[in-house]
Amino acid sequence: MHLAYPAVLSALLFCTGLYGVLARRNAILVLMSVELMLNAVNLNLVAFDVWLSRTAEETLHSGQALTLFTIAIAAAEIGIGLAIVLAVHRNRGTADIDKLRDTSERHDPDGTDHDARTAEQSDEAQKAEATA
Amino acid sequence: MTTTTLAVLVPLLPFLGAVAGLLLGRTAPGFVRPLAVLPTLTSLVIAALVAVRQSGDAAVNAATELTPTGSVPIELALHIDGFAALVAILVGLVASCVQIYSTGYLRDDPRYPSYAALVSLFTSAMFLVVYSGDLIVLLVGWEVMGICSYFLVGHYWETPQARAASLKAFLVTKLGDVPFLIGLFALATDAGSFRITRVLGAVASGSLDHPTLIALLLLAGVAGKSAQFPLHTWLPDAMAGPTPVSALIHAATMVAAGVYFIARLLPVFEASQAAMVVLAVMAAVTMAGSALAALAQDDIKRVLAYSTIGQLGYMTGALAVGDRGAAVFHLLSHGAFKALLFLAAGVIIHATGTNSLAAMSRMRNLRDRVPDAYWTMTVALLALAAIPPFSGFFSKEAVLGVAEHVITGHTEHAPAAAGWIVLIAGLLTAVLTAAYATRLWLLTFRGRGTEAPDHGRQPLTMTVVLWVLAVPSLAFGGFAFRLLPDWFDGRDLSPTLTTSVLGTGVALVGGIVTYAAWRHTTALTARVPLGAVSAHPEGDAAQVEAEAIASHEPAYGDIAHAPDPADPGRLLLGPLHRHAAAGFHLDAVYTTLFVRPVQAGASLVRFLDREVVETYVRGAGALPRWLGAAVRRAQTGNVQTYVSALLAGTVVLVVAVVLVATGA
Chain A
1 MHLAYPAVLS
11 ALLFCTGLYG
21 VLARRNAILV
31 LMSVELMLNA
41 VNLNLVAFDV
51 WLSRTAEETL
61 HSGQALTLFT
71 IAIAAAEIGI
81 GLAIVLAVHR
91 NRGTADIDKL
101 RDTSERHDPD
111 GTDHDARTAE
121 QSDEAQKAEA
131 TA
Chain B
1 MTTTTLAVLV
11 PLLPFLGAVA
21 GLLLGRTAPG
31 FVRPLAVLPT
41 LTSLVIAALV
51 AVRQSGDAAV
61 NAATELTPTG
71 SVPIELALHI
81 DGFAALVAIL
91 VGLVASCVQI
101 YSTGYLRDDP
111 RYPSYAALVS
121 LFTSAMFLVV
131 YSGDLIVLLV
141 GWEVMGICSY
151 FLVGHYWETP
161 QARAASLKAF
171 LVTKLGDVPF
181 LIGLFALATD
191 AGSFRITRVL
201 GAVASGSLDH
211 PTLIALLLLA
221 GVAGKSAQFP
231 LHTWLPDAMA
241 GPTPVSALIH
251 AATMVAAGVY
261 FIARLLPVFE
271 ASQAAMVVLA
281 VMAAVTMAGS
291 ALAALAQDDI
301 KRVLAYSTIG
311 QLGYMTGALA
321 VGDRGAAVFH
331 LLSHGAFKAL
341 LFLAAGVIIH
351 ATGTNSLAAM
361 SRMRNLRDRV
371 PDAYWTMTVA
381 LLALAAIPPF
391 SGFFSKEAVL
401 GVAEHVITGH
411 TEHAPAAAGW
421 IVLIAGLLTA
431 VLTAAYATRL
441 WLLTFRGRGT
451 EAPDHGRQPL
461 TMTVVLWVLA
471 VPSLAFGGFA
481 FRLLPDWFDG
491 RDLSPTLTTS
501 VLGTGVALVG
511 GIVTYAAWRH
521 TTALTARVPL
531 GAVSAHPEGD
541 AAQVEAEAIA
551 SHEPAYGDIA
561 HAPDPADPGR
571 LLLGPLHRHA
581 AAGFHLDAVY
591 TTLFVRPVQA
601 GASLVRFLDR
611 EVVETYVRGA
621 GALPRWLGAA
631 VRRAQTGNVQ
641 TYVSALLAGT
651 VVLVVAVVLV
661 ATGA
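Taken in sequence, the protein lines are chains A and B. Under the UniProt record's numbering, think of the first position of the first sequence as 1, with each following residue one higher. Under the UniProt record's numbering, think of the first position of the second sequence as 1, with each following residue one higher.
Some clues are possibly wrong.
Among the chain B residues that face chain A by a calculated CB cut under 10 Å, a handful are [as the list claims (entries may be wrong)]:
(1) 19
(2) 23
(3) 632
(4) 633
(5) 634
(6) 635
(7) 636
(8) 638
(9) 640
(10) 644
(11) 649
(12) 653
Just so you know, these hints were derived from the structure itself, not from any lab. All C-beta atoms, glycine included, are put in the ideal place defined by N, C-alpha and C.
So here's chain A without its partners, still in its complex pose:
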């Protein structure tokens, strides 16, 4: 099989994942898109490993071994990611990324009431915890 097929497929997969990460609002769907991107990379690794080991005298198949690692780490990562999403959803009642904007810099030209603002934020956080 020619190398172009898996390469194109993985590029398509990666672009789909990228689109999902950039465009989706639901945090779970964003995580799924991240998985798509990861798997595109996995596909590349396997395909290139096979392509390279065809001509080599002897090989360790390091690409395929790395793929196994990536899958294992991806599993752990998605576990943590989903747990965070679950916690956020429990706290805020939503998993919409557009609404999770706590790190934004609010608009104030002076920047003098920085302390007041952080205090206000911690107040909000406490309120959110209390409602949860």
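Got chain A sorted already, so can you dock chain B onto it with the hints?
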């Protein structure tokens, strides 16, 4: 032990006592009193021993150079002649008396440990000044005394008067010390050495290039330290400190340091006729002015302070006519009786609960309440007024006699003009001195009105030292005037007939006139009730005094005088009284001349700093702030925006790399 070793121990012991007192003050309060009294007493004994060994013979000189310091060498040097030996005994005696007295006076004072340590440090510095044979070492002691005086004047720092007085004392004396330092450098440059012996050798060989300039610069420092005319204003205010401090520092020793300094370096001053005349005029103005001011003061300690200024004027007068023997003779006898006057005044303030003469003149039977203070103060006031058998008579007559000698042309050292100035001012001051001494005595002990408050007997520590000091006040002059010339320059110090008759006569006139005025005004005493006493009569003397000083201004309207029509000084001075009470408005003059311009300059600098410099700083900060505000807009909080930006950046980088790699 050699005399040199003993002499080194004299300043060293109180210094070690001060260090130990400061270190142990909190941890071992039981050691504080012994640590304050014993080193000073030991120093007194050793100083006496040094004096016995030296016994007016050739001066003891010793020097060691610790390290080469560049151009003019600075050596740790001792120079003990008769002057140094005797002045050291006076310092030791007064300091020991004051330390013993303070244990009673500041009995319950929580800051007693630091107080006692500072007094010890001061004593050590004064010994250093007295014994030092090197001008820079002398300067070290000189400045240490200044800073001790600052701390001790401000001992009652809870009261605004004490805070202001300590700052004033420090600033005014420093005003003199700056020219003094420059004068020392100029002197050492001309003479090629800081050693007093070499400086005097250089003067004798006539190698001093700028004698007038040097003498006048040094005179400024002496005027500051010894409270002479233009720079004397700090001394009356320094009475806001505790009475023992006033007795030790502001009457007997530190203020005498300036006189002692001139006595040591008299040939330098004699090299310039102009400096001698300036010294004479300074002494005359100081004497007469301070005596007039003393006659108008209401605070008992301020009367004594002005009297100190006047007596120091006598000493500088004696120096102006070129006789340091007479000056140091008066220094010694004055040190004893003025310390006694202050310590007795402390007892009286404690007993009456007030420092106001107007209030004391409305108290009956004060002398029965404090018999020790009554008798010893009478002795000291007679000595101050220079009545014959007392020690002040002999020393003052020595000064006047020397001035007369100069007028009649018996000496070539001093200009005759200086002699006339000193003699006339001295006689005028003798009248006024007798007048204010009589006024002080009459108002304090011959009061009429309510019974003086009875607080029981004064502590033994406070009364015994009065009698100890009464002995030299009574007898020192009479016994010493024959012996002292052996210790000093060898000039005769015995009173001459003319000046004795004149001096005693004018003193008697002053006393009698004041008595007559007092008889005339005393009827008014009952009609005008006055007087405020301390709120805590059961407290220790220091607390009573602090309250008395703090309450004088609210009670009588001024810190210096009281509106008392029964005051004989008011009758004697007439229209002059108002000005004399305010110290001839010298403080007001200084306020307009120096304080206001400095404050205006300070507010100008403040304006420049706040409005001009700060505007530039703000302007420099504005641009980065605006840029920051613009960049902050990018922080939307939306993660997807960030990732989009990341992607765009990556794409741009990849395109760039590809372009570069392909060489396009």
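Right, here's what the structure says about each hint:
1. 19: Residue 19 of chain B check fails; min Cβ-Cβ to chain A is 48 Å, beyond 10 Å.
2. 23: The hint is violated - residue 23 of chain B has no Cβ within 10 Å of chain A, the shortest such distance being about 45 Å.
3. 632: Residue 632 of chain B check passes; min Cβ-Cβ to chain A is 4 Å, inside 10 Å.
4. 633: 7 Å, holds
5. 634: 8 Å, holds
6. 635: 4 Å, holds
7. 636: OK, holds: residue 636 of chain B within 10 Å of chain A, min 5 Å.
8. 638: Holds: closest Cβ of chain A sits about 6 Å from residue 638 of chain B, inside 10 Å.
9. 640: 5 Å, holds
10. 644: Nearest chain A Cβ about 6 Å off; hint holds.
11. 649: Violated: closest Cβ of chain A sits about 14 Å from residue 649 of chain B, beyond 10 Å.
12. 653: 16 Å, violated
Hints 1, 2, 11 and 12 from the list above are not met by this structure, while the remaining hints are.
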